[in-house]
Every structure is written in C-alpha cells, then in structure tokens.
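Note that the protein sequences, when read in sequence, are chains A and B.
With the working numbering, letter number 117 in the first sequence gets 117, and the count goes up by one each step, no holes.
Whatever position you read off the second sequence (first residue = 1), add 1000 for the working numbering.
Be a bit skeptical, because a hint or two may be false.
List time: in silico EDC-like cross-link candidates among lysine to aspartate or glutamate, alpha-carbon distance up to 20 Å [stated by the list, open to error]:
hint, chain 1, residue 1, chain 2, residue 2
1, B, 1066, A, 304
2, B, 1012, A, 135
3, B, 1012, A, 180
4, B, 1090, B, 1053
Label pairs and their in silico Cβ distance ranges [what the hints assert, rightly or not]:
hint, chain 1, residue 1, chain 2, residue 2, range
5, B, 1053, A, 483, 30 to 40 Å
6, A, 330, B, 1156, 45 to 55 Å
7, A, 76, B, 1109, 54 to 64 Å
8, A, 31, B, 1146, 25 to 35 Å
9, B, 1012, A, 311, 58 to 68 Å
Interface residues of chain A toward chain B, partial, derived using beta-carbon atoms under 10 Å [to be verified]:
hint, residue
10, 82
11, 123
12, 128
13, 183
Hints are computed from structural coordinates only; laboratory data are not their basis.
Think of the CB as a built atom: it goes at the ideal place given N, C-alpha and C, for glycine as much as any other residue.
The chain contents come next:
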Amino acid sequence: MERLTGAEILWDCLVREGVTDVFGYPGGAILPAYDAMLKYPIRHVLVRHEQGATHMADGYARASGKVGVAVATSGPGATNMVTGIATAMMDSVPIVCITGQVGSKLIGSDAFQECDITGITLPVTKHNYLVTRADEVAATVREAFLVAKSGRPGPVLIDITKDAQQSSCLYDWDAAAPSDDVVRRVSAPTDASLREALALLGQAKRPLVLAGHGIILGEATAEFRRFVDTTGIPVAVTLLGIGCLPASHPSNLGMMGMHGEAWVNTAIQEADLLIALGMRFDDRVTGNLKTYALNAKKIHVDIDPAEIGKNVPTDVGIVADLGDVLRAWQPSLTRLDIADWRTRVDTLRGDAAVRDIKNMPDDGHLYAAHVIHDIWRATNGQAVVVTDVGQHQMWEAQYYHHEQPRTLITSGGLGTMGFALPAAIGAKKACPDAEVWVVVGDGGFQMTMCELATIAQENLKINIAIINNGYLGMVRQWQEFFYERRYAATPLLSPDFVKLAEAFGIQAHRIERRQDVVPAVDAARQHHGAVLFDFRVEQEDSVFPMVPAGADLHKMIRRPSPLAETGADR
Amino acid sequence: MHITYVVHVEDKPGVLNRVSSLVRRRGYNISSLTVGHTDTPGVSCITIVVEADPSAAARIEANLYKLVHVVRVENVTALPTVYRFLALIKVSASVETRTQIMQIVDVFRARVVDVATDSLMVEVTGTDEKIDGLLDILRPFGLLEVARTGQLAMTRGNAARGAAAKAAAADDAVDSAVVSFSV
Ligand SMILES: Cc1ncc(C[n+]2csc(CCOP(=O)(O)OP(=O)(O)O)c2C)c(N)n1
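So here's chain A without its partners, still in its complex pose (with noise of 0.2 Å):
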C-alpha cells in the first residue's frame, strides 16, 4: 500500500477504470487534481465552456459505449455542467462528471465560488456524492463508474472538496472494491411473462416491434436483429433507436412519432400488437394517449422496472436486461404469417413516397432535406452524424440512413440546442478513425460554437453542416402552424459563418445551390483537418409530417402532395 494524495487516487483510479481521454477546465477548487494529473496516462481536452466539457463526455459515451468523463472547478464551474448533466440523464448516458469542491471546512459558509452541487444535481444524476476526505476518495469513484454504467444508464457527479484532494491517506485499490448492493440486480426474466410475452406474438396479426435506445445501451442489437430476421416482424424506432436495425433492412419501417413516417405512425395505430423494446413511449412518440395504438395489445420489456406502465398500460411488462430477454425467445421464435400486414404496411408507404422531397423536381432552391440526402449518399451512410435539436435534427433523422448502432448521436430527451458541436468532439476522440459530421442549426451552432477553438487546438477532423435557414426553425414552424405566422424572436442574425471558421483557422465554405452540395462535400472528406459548411437553405421550409403535440397519432400534417393534391392530404 503507497501513500497517495486524494487527487492522485482519483486519477489512479480514473486509469484503472480504463479513463483515457477526459473533458474540462480548470480553476481554483480542482486545480490540486489537474497538478496530479500530468503524472498519469491520461489525455485532457481542454474545453471553452463546461458545458461543452458534458456533451463531449456524452458524445464520448454515446460513440463507445465507455463512461464519459467531464472535469470542472467549483461554484460555476460546476453549474455550468447542469445542462449536459440533464441532457446525460434523459437519455441514459453513463458519464462521470467530478467537480472540486472549497474545503471543506468552508462548506455552507459561502465561501468564494463555493456551490452546493450536489443539491443542484440531485434530481438530475442517476447518484452523486460529497467526498470530505482523501480516504473516500478511491471507494467513491468506484462505486460511481458502477452505478453509472450498471441497469439504466445515467450521469453521476463527484464533489470532492479541495483539502480532500491535497491530504494523503493510505491507498488500497482493492478495498475500494464497491458492494453488491449498490446495483439492482435485475432478475432473470420469468418463464411465465416470456411464454406470455410469446402467446401474444403468436395470436398477433399485426404486430409490430417499437426499438428503441435500450437495444443499443444494452449491447443488444445483434440478439435484436436475429429477432427480427426470424420472425420477419415490422420494426419501428425512436429517434434514439435509429442505428439498432439497419435502415436499409427490409424490416425496418423508419422513425415513429412527431416526425416520424406517416406509415409508420398510421402503422401503430393499426397494429394489434406492439412489442416495445427498450423504449419508453415518451410524449414525442405516442401524441395523445387517449387514442394511441387502442386496437393493440402491449408487451413492454425494459431493465427500468419504473418505465412499466408509466405512459401506456402494458399487457405483458417484463423488467429484464433486453438481451436476455431476447436470447430467451430466440429457440421458440418461428416465422411469423403476416403477409397481409406487410403489404399493408408497403401500400402505406407507397402513398407516402410521392410526398417525399427528396422525390421532387429540383425548382432551383437548396432544402435541407436535400443537403442531408447527399451527405448521406457522399459518405456511404457510414459516418458518425452528431445532431443538434430542431428541424435539422429531424430532417437528418428522416434523411441519414444509418445502418449502424452509435452512428446518430443527438439529444433526445432534453432536447439540448448546443449539444452537437461538443458531442462530435467526444465522439471524434471515443472513435479517431470514424467520419464524424455535425449537422447544427444556425441557432444553436451560436450556443456551444466556442469550441471550435476546441476542434481546432486538438486538431480534430471533424465535418460541420450548418443548415442555416436564418430562423430558429422548428420554433418558427410551430408559429406558422399554430400561431398564425407570428414569428415572435425567431429571426435570427447570424455572423458570417465561414469568416468565423477560418478565424479559428478551420476550412469554411458557403454553399447556396444543390449542385455544390455533393462535390463539396466529397472535398471537404479529403481535406486533413476540419470543415464547416454554411449550406444557406430555404428558409421556412417545414418538417412533414408532423403531428401537433399531444394530437392524435394518426393526425399528422403531411406534406402537400404535388401530385395527388386531395382533401385528405392534411
């Protein structure tokens, strides 16, 4: 046993968790643990802004699977990590984030820049804790890498006070060992709600798999795809979920929901039996509950024993880890004969195609469905694309056909306007070899566009689309549908967006016609070191289909047919 101080234990710790790469800034209260740092094999990625410290932790985790790790000082340092906590939070992402803390005997005098961080993170972490003492400090950080990638995901945050970090204390890695009781364990799942789960697929005439984010947290996609291909069951996914099944497989009908595809969404609603996996039929996937999917019957496995029940009553509700689960049907799945449902499901997709802009003669203007349609085809669907939030991110889900798991990368739960730019970079440093693209907003490119000087001092080759539409977008086509075209604050005035690239020494191009989308995108993956694209595209283009919040699943706005213009268009 060596004498360590509480900062080196952290990082020792951090080391043999398997840590590599963290995200951070430093100040007074942490700035015994960055000293310590320089001593172990760890790389830091020195952020503009904590919160982009979080999304990169995010996006780190989101591409590899790994803990994130995000490093702050106290008092604002630490607040300013909130938004990417939460963001962590809503959508199962395992981070770690370790803020320093005054000492502790200055706690609750308020002290300068001393923050009662725990408190303002409680009900945004999965756990956190307030380490006092060097002595706590190797236990806590074990138990937080457990409790953070252990059942449901989620973001946990370290507070260790300044004199913890610099007092010594005997280090003994092994008794830090965590104990079995602070994981749930979950339960096997139980042959009865198994054989149940599989009466109802079998009675099932048109069923219907809902896939969502858990298939790929829970490293379960290959055991989802032999599922699939087994019972040749239509597939569904959420926003989170897209990557779980390839897009191109023939099963797999596209996203559902607010902006999902029609078919898919009328699809739900007929369906007599839905399957969710790993989803939590949040308010953006179902619209009004009252009349979601009644003809069907639910089944509703997820490791969250609190999701079971809480949106839509389930017939069959099992809590098990989604592998197993899936592992466990396997022997007795047969091909299913529902022939009638799968053309029915074609036929709806059918009349859908025509609606499609993709489809549609080029009238001279560049639309952002388009941008996203060549990226798509330029990078093979391969590339790793971190969205923002808006209508971008839904075009990209509509338009980016990604064929594996952790290729889309975006805020779902939250819904985290800046969060792309800093995820890239955690994705771009979990996964050095992928083509990573950010596709952003104008609007909220301008949230988090500081860490650009983060891409370019870590020298990173990163791809950035900015759809510029010169509008906070899906908040301006929430005005034209619903308030008559009253654009209250979502003009938006943006600087010159190649200028400012370049003077941060990042490749910049303007692009105001479809047909430099492609050859300018085919250049930008030669070039060595990042481009950022101001692809300047309609204005107040809208994302079709779209069903209003909280309306009726079925009830989507579509886009006006250019062909077939009838009243049953909207």
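Assemble chain B with the ligand onto chain A, guided by the hints.
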C-alpha cells in the same frame, strides 16, 4: 388515495432529501413523513405517506429503489399494519379543571408528562382519529400548544416481507397483467 411506504435507507447525509425530492419530482404530494433510527446501525427508517393513484404505487416503489441509498421499500397500505402518531398537548388547567382533564387523559390512555400551576402537558400516541378526538375534548379547556409527529407504520406479525412482495405484485396488476421483477 394515501399510500404508505416504510423505506429503509442507508444513513448517509442527504438521504432524506433524496427520498423526498424524488417523490416531489415525480409529481406526488407527501402527506406525512417520519424519520428515525432502526436497530441496525447505519440504517434509518423513513415512513412516508404519499397521495397518489393506486396504479402509481408500484411505480413509486420502483423509483424509490432506483436511489442507491435505499435498502428496502415496503408498501404497507394493503397489509395489516399498526399506524401510530404521537402528540404533545399543552392545555390550560386551573385548580378547578385539573382533575377533570386528568380523567379525560386517563380515558384516552394518554399521560400527563408535565404539570405547571396553570397548565398541563399531555403525551398521547395513537391513530390520527384518536388524537383528533382528544384535542376536540380538550379544546374547551384552552389549548396552549400542540406538537404532532408524522405517521409511523409497522406491519403486524412476521407476514410483512412476503405479503409486501405479494401486495406489490398485486399493484402491478393494475398496470400489467404480468410483470416480473425483483429488486
Ligand atoms: C437550449 C434550448 N433552448 C431552446 C430550445 C427550444 N428550441 C427547440 S428547436 C429550436 C430552434 C432551433 O433553431 P436552429 O438551431 O436554427 O435549428 P433549426 O430548427 O432551424 O434546424 C428552439 C429554440 C431548445 N430545444 N434548447
């Protein structure tokens, strides 16, 4: 309806805050909350009464179990359970009324714990109704001060753990025909 949970928690700083914050955050009202030690060192017992729809009972329990410091949650609402409150009541008492008050206190099986020249302090335990009843009768004498605790709850006999598990399963049935989980 009122749902009563007996929650055993690790005695860590802030644990009460975590429990109450969770219930508040999920949108339920806490109508009573009592905290104290158990005979296990390091484990405290929180008796918490929550106003919620019966269908939410299992979900609140599941949410409580998500807190790292929660050791065990029992929903005792549907179980044979002894519920107790405690109250201290200071009532004016002159030489003339003192005997009368002490007789009432006897009938309620309460106790006089302090005697002053012009007042008495009464300690009473029991159900909410019993304490209300005593207060009603003492009111005409002049209530000077009343301090009441929240509710304590303990299941009768040793049926508790098995029965609690069954009750939880029955609650789930409100939401789902079949739910399998143990935490
Ligand atoms: C931090 C934050 N503030 C406000 C919102 C509300 N909001 C949702 S979408 C949106 C507009 C986004 O505009 P922009 O970034 O330009 O993207 P676009 O919708 O035009 O693609 C706003 C303001 C949000 N999601 N996050």
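Hint check:
As the CA atoms of residue 1066 of chain B and residue 304 of chain A are separated by approximately 9 Å, the hinted pair is consistent with the 20 Å bound. Proximity of residue 1012 of chain B to residue 135 of chain A is assessed by CA-CA distance (about 17 Å); at most 20 Å being required, the pair is judged to hold. Among the hinted pairs, residue 1012 of chain B with residue 180 of chain A is consistent with the structure: their alpha-carbon atoms are about 17 Å apart, no more than 20 Å. Annotation: proposed proximity of residue 1090 of chain B to residue 1053 of chain B is violated, straight-line Cα distance about 37 Å (limit 20 Å).
One distance hint, 30 to 40 Å for the beta-carbon pair residue 1053 of chain B and residue 483 of chain A, holds here, with the actual separation near 34 Å. Distance hint for residue 330 of chain A and residue 1156 of chain B: a CB-CB separation of about 46 Å, consistent with the stated range 45 to 55 Å. Taking the beta carbon of each, residue 76 of chain A and residue 1109 of chain B are about 59 Å apart, inside 54 to 64 Å as hinted. Evaluation of the 25 to 35 Å hint for residue 31 of chain A and residue 1146 of chain B yields a failure: the beta carbon distance comes to about 54 Å.
Separation of residue 1012 of chain B from residue 311 of chain A is about 32 Å and departs from the stated range, judged on CB atoms against 58 to 68 Å. With a cut of 10 Å, the hint placing residue 82 of chain A at the interface with chain B is violated, because the nearest CB-to-CB distance is about 15 Å. Interface restraint check: residue 123 of chain A against chain B, minimum CB-CB distance 5 Å, threshold 10 Å, status holds. At its closest, the beta carbon of residue 128 of chain A sits 9 Å from a beta carbon of chain B; the interface hint therefore holds under the 10 Å criterion.
Annotation: interface hint on residue 183 of chain A holds; nearest CB of chain B at approximately 9 Å, less than 10 Å.
When held up to the earlier numbered hints, the structure conflicts with 4, 8, 9 and 10 and fits the remainder.
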